[in-house]
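Following the hints, put chain B in place on chain A, whose structure we already have.
Sequence order for the protein chains is A and B. In terms of the working numbering, the first sequence opens at residue 1 and continues consecutively. In terms of the working numbering, the second sequence opens at residue 1 and continues consecutively.
Calculated from the structure, these hints are not laboratory results. Incorrect hints may appear among the rest.
What the hints assert, rightly or not - Derived CB-CB ranges, DEER-like: (1) L165/B to E85/A: 48 to 56 Å; (2) P111/A to F167/B: 29 to 37 Å; (3) N80/B to P111/A: 35 to 43 Å; (4) I48/B to P323/A: 49 to 57 Å; (5) T290/B to A335/A: 28 to 36 Å; (6) S114/A to V140/B: 33 to 41 Å; (7) Q57/A to L37/B: 37 to 45 Å; (8) K47/A to F33/B: 53 to 61 Å; (9) A41/B to L317/A: 49 to 57 Å; (10) P36/A to L37/B: 47 to 55 Å.
Even for Gly, the Cβ is constructed at its ideal location relative to N, Cα and C.
Residues per chain, in single letters:
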Amino acid sequence: MSKRVLLVLTAFLATHFCQAAGSTLLNGAGATFPYPLYSKWFSEFQKVKPGVEINYQSIGSGAGIKQFLDKTIDFGASDAPMTDEQLAKAQPAALHIPTALGAVVVTYNLPGLSKPLQFSGDVLADIFLGKISKWDDARIAKDNAGVKLPAGLAIMVAHRSDGSGTTAVFTDYLSKVSADWKSKVGSGTAIKWPAGLGGKGNEGVTGLVKQTPGAIAYVELIYAEANKLPSALLKNRAGVYVAASPRTVTAAAQGSLKGMPKDFRVSITQAEGKDAYPISSFTYLLAYSKMEAGKGRAFKEFLAWALDKGQPLAEGLSYASLPKSMIGPIKAKVAQIQAE
Amino acid sequence: MTATTHSSPIPAAPALAPAPRRRRDIHLGDQAFQLVLRLGALLVLALIAGIVGQLLGLSWPTIQKFGAKFLVGTDWDPVNDSFGALPFIWGTLVSSLLALLMACPVAIGASLFLNEIAHSKLAKPVAFLIEMLAAIPSVVYGLWGIFVLAPWLRTTVEPWLGARLGFLPLFQGAPFGVGMLCAGMVLAIMITPTIAAISREVFRAVPLSHREAALGLGATRWEMIYLSVLRSSMPGVVGAVILGLGRALGETMAVTMVIGNRPEIATSLFAPGQTMASVIANEYPEASGTLHISALASIGLSLFLVSIVINALARYFVWRLNRKQGGAR
Chain A
1 MSKRVLLVLT AFLATHFCQA AGSTLLNGAG ATFPYPLYSK WFSEFQKVKP
51 GVEINYQSIG SGAGIKQFLD KTIDFGASDA PMTDEQLAKA QPAALHIPTA
101 LGAVVVTYNL PGLSKPLQFS GDVLADIFLG KISKWDDARI AKDNAGVKLP
151 AGLAIMVAHR SDGSGTTAVF TDYLSKVSAD WKSKVGSGTA IKWPAGLGGK
201 GNEGVTGLVK QTPGAIAYVE LIYAEANKLP SALLKNRAGV YVAASPRTVT
251 AAAQGSLKGM PKDFRVSITQ AEGKDAYPIS SFTYLLAYSK MEAGKGRAFK
301 EFLAWALDKG QPLAEGLSYA SLPKSMIGPI KAKVAQIQAE
Chain B
1 MTATTHSSPI PAAPALAPAP RRRRDIHLGD QAFQLVLRLG ALLVLALIAG
51 IVGQLLGLSW PTIQKFGAKF LVGTDWDPVN DSFGALPFIW GTLVSSLLAL
101 LMACPVAIGA SLFLNEIAHS KLAKPVAFLI EMLAAIPSVV YGLWGIFVLA
151 PWLRTTVEPW LGARLGFLPL FQGAPFGVGM LCAGMVLAIM ITPTIAAISR
201 EVFRAVPLSH REAALGLGAT RWEMIYLSVL RSSMPGVVGA VILGLGRALG
251 ETMAVTMVIG NRPEIATSLF APGQTMASVI ANEYPEASGT LHISALASIG
301 LSLFLVSIVI NALARYFVWR LNRKQGGAR
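Here chain A stands alone, though its shape is the one from the complex (with noise of 0.2 Å):
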């Protein structure tokens, strides 16, 4: 019988492993606001396609830049796109493929308040910059009509003190807003605070605006809707009052589908339309125009499939989808990755 047996043994292994050697794996690294997206999507994708498997580190944007440019992963994420300088060392060049949308929620710390505040941005620049200084400021009071504020408090300003892509378009959107801003200050992931107190990462921000009163913050709005945090109305560039929500900020990617330029990197901040929340941004995975042919195949599949099946799952996790007129463009992106 030990010979049937080992036969049976062998044949089973031998299946064994051509499965193991047919089945994909991509490796892939960046931001970390997606995170939580990501990781549903490639277990969902998972389960339709079990032959490929797609890890993910969320190590941030800039590192995931640099791992994508070091070529040492099959696919990387940023919310911000990447620079001229840095597509130009790329090689094979880099696409930008859009995934999702996010925002950026101005939180504050004052009791007693029975409705959300409301900010135009040219007010909101001058508290980040530390002109306006107390809650009570005639300017503040001007956007929230009816509203009681408290008198003398002081406003303190808390930033994020660790490079991060949610500051990115905050104070890209600030430097659209306020002239001031843009020369005196400026956008980037990290950049010199006029004013306010630092804390690491959305939850050390929000730590420093519970603990204090008069506080105001800047944090990401999955962040904030999953901790319940108060949310400000910015006014756009119609002149409406508008508060994040997945539908405002898909809003926002559709009001700036007009001059769209064709490698998807732009700003959709202050963008057009009266349902437009004013800090929207795209989040991006970057990939290979040329990729080896296995993994190249599973990438564009996984990307269609992201495109389509996913777009309801970003939803139901509190980040906004792409706008549906989008999608056309996208896909003939993804057609663009060679896999050879």
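The following block gives chain B in isolation, referenced to the frame of chain A:
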């Protein structure tokens, strides 16, 4: 960090005379052992050389652009590629010094008490608890700092200090809670177990006969502790303090969470600051500009230099102390 060993009052073990019969074997073993030790020592040197080389390589663009001005510059603006390290050096030194000022009396006092005065039934569990403090992860200290210590400082301690000692520049300005004082206090708690544990070992090594001699000459308990215990173990205690200082200089996570992260040189202890280790931890992962990354590496190099200078000063201090004591005997 071996400041304690050469001056330690532990008597050297009498040298073992090798048994003549197995002389050859022992020689071989000795040689192998010596080789292993030598390799170990060389490896440490190579490691340090490697670190310095790597840091120098990475910092090169900054060194070329700013030169020595980097060390005294006060501007840190990644958007405009303008970098200066002084606020970070200041923050590291001030927070560590504050921590030492608060931790040393407590740690040394506690270990003297446990060693000389307390009954062993009390001393053992208390010593164990103090050493337990060293095992708590720094992020826990940081969270405790944000959620417990900082609010208490903001609502109670800082207004109280401001009202009574507000004429001093040290205690002026708005009380934020987080800031230099908060960072110093968290660091003090973190380095207390290090200093206490080592000082206790040093005090324990003082021979009982010294204490008996002091008491026999009619010294009171305090005089005995001062004359026979404290004075003779001073170099060891300084070594313990240096180890604590080393931990304070390099501590990253807990400090980042409570110092306020503002690269500013302020005289007030209530004001926020920023340290060298925390700016690296904060900005390195998302730094993209070549000069920004290079400036962060230069901060690392500066931290290395500051640690070396402080260690050298401490060594010199111990050496002076030893010589003075030697002369007095």
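Results of checking the hints against the structure:
no. : hint                         : in the structure
1   : L165/B to E85/A: 48 to 56 Å  : 52 Å, holds
2   : P111/A to F167/B: 29 to 37 Å : 33 Å, holds
3   : N80/B to P111/A: 35 to 43 Å  : 38 Å, holds
4   : I48/B to P323/A: 49 to 57 Å  : 56 Å, holds
5   : T290/B to A335/A: 28 to 36 Å : 34 Å, holds
6   : S114/A to V140/B: 33 to 41 Å : 38 Å, holds
7   : Q57/A to L37/B: 37 to 45 Å   : 40 Å, holds
8   : K47/A to F33/B: 53 to 61 Å   : 59 Å, holds
9   : A41/B to L317/A: 49 to 57 Å  : 54 Å, holds
10  : P36/A to L37/B: 47 to 55 Å   : 51 Å, holds
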